[in-house]
Amino acid sequence: MIPTDWLGPQEWQAVRLSLRVAGVATLVSLPFAIGVAWLLARRRFPGHGLLSGIVHLPLILPPVVTGYLLLVTFGTQGPVGSMLKPLGIVFAFRWTGAALACGIMGFPLMVRAIRLGFEAVDPRLEQAAATLGAPRPWIFLTVTLPLILPAILAGATLGFAKAMGEFGATITFVSNIPGQTQTLPSAIYALLQTPSGESAALRLVAVSVVIAMGAVLVSEWLARRMKGRG
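Quick note: my numbering has the sequence shown finishing at residue 380, numbered continuously throughout.
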């Protein structure tokens with residue numbers, strides 16, 4: 151437990167914003183990651199390799215390049231951003247943009263972990279359910295998904311941890327605005343650029359480690375519980 155008086159108001163603000171951004175990024179990305187992982191693991195189609203390459207591109211590109219591409223695409227003058235702006239949806243220099251950047255950066259890790267889960271499932275189990283007359287969507291929901299829940303948890307944990315630590319793409323896309331887009335990594339970076347900011351930066355580093363380790367431990371505990379039920 152982190153004492154409330156250990157961090158200043160602006161530092162707590164960065165912690166809360168990071169948790170919000172990472173949580174939204176993970177929850178929104180997870181259904182898409184499951185769908186893409188299923189496609190890559192279970193289907194062969196023209197462009198399969200291209201899709202896999204696009205999915206993993208954020209892992210290969212420098213984060214600053216990803217952030218710049220997001221700014222060009224989703225900025226208020228970008229092709230997507232200009233269409234969304236009349237609807238009141240703005241990503242650039244907003245916390246929602248930080249969530250978008252974190253979701254994209256963590257997406258390849260989520261897909262990779264969940265894809266391994268799909269590939270580990272014995273197809274004969276699904277075939278047995280099909281011979282009993284169960285429709286494919288029902289088989290997916292009641293047979294496949296329960297079997298890959300540990301992989302989903304692992305992917306979600308990796309995505310959350312990546313979102314908590316994302317810096318390059320986020321600061322390029324949404325800048326470093328205290329109270330609006332300043333996440334934990336951005337706050338640490340800002341503190342290291344100011345005189346006498348090292349001690350506060352060290353405290354935020356400790357908070358980051360605690361949150362990351364907490365997420366991993368919770369994921370491990372849930373995975374063990376689900377395996378025990380299986």
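Quick caveat, the hints were computed from the structure, so don't treat them as lab data. Any given hint could turn out to be false.
Stated by the list, open to error - Simulated restraints on C-beta separations: (1) P236 to A278: 48 to 56 Å; (2) W288 to Q160: 46 to 54 Å; (3) I327 to I210: 23 to 31 Å.
These numbers were taken from a predicted model, which means no experiment stands behind them. Idealized CB from N, CA, C, for every residue including glycine.
Against the structure, the hints:
Take P236 and A278: their Cβ atoms lie about 52 Å apart, and the range 48 to 56 Å holds. For W288 and Q160, the Cβ-Cβ distance of about 50 Å falls inside the hinted range of 46 to 54 Å, so the restraint holds. Taking the beta carbon of each, I327 and I210 are about 29 Å apart, inside 23 to 31 Å as hinted.
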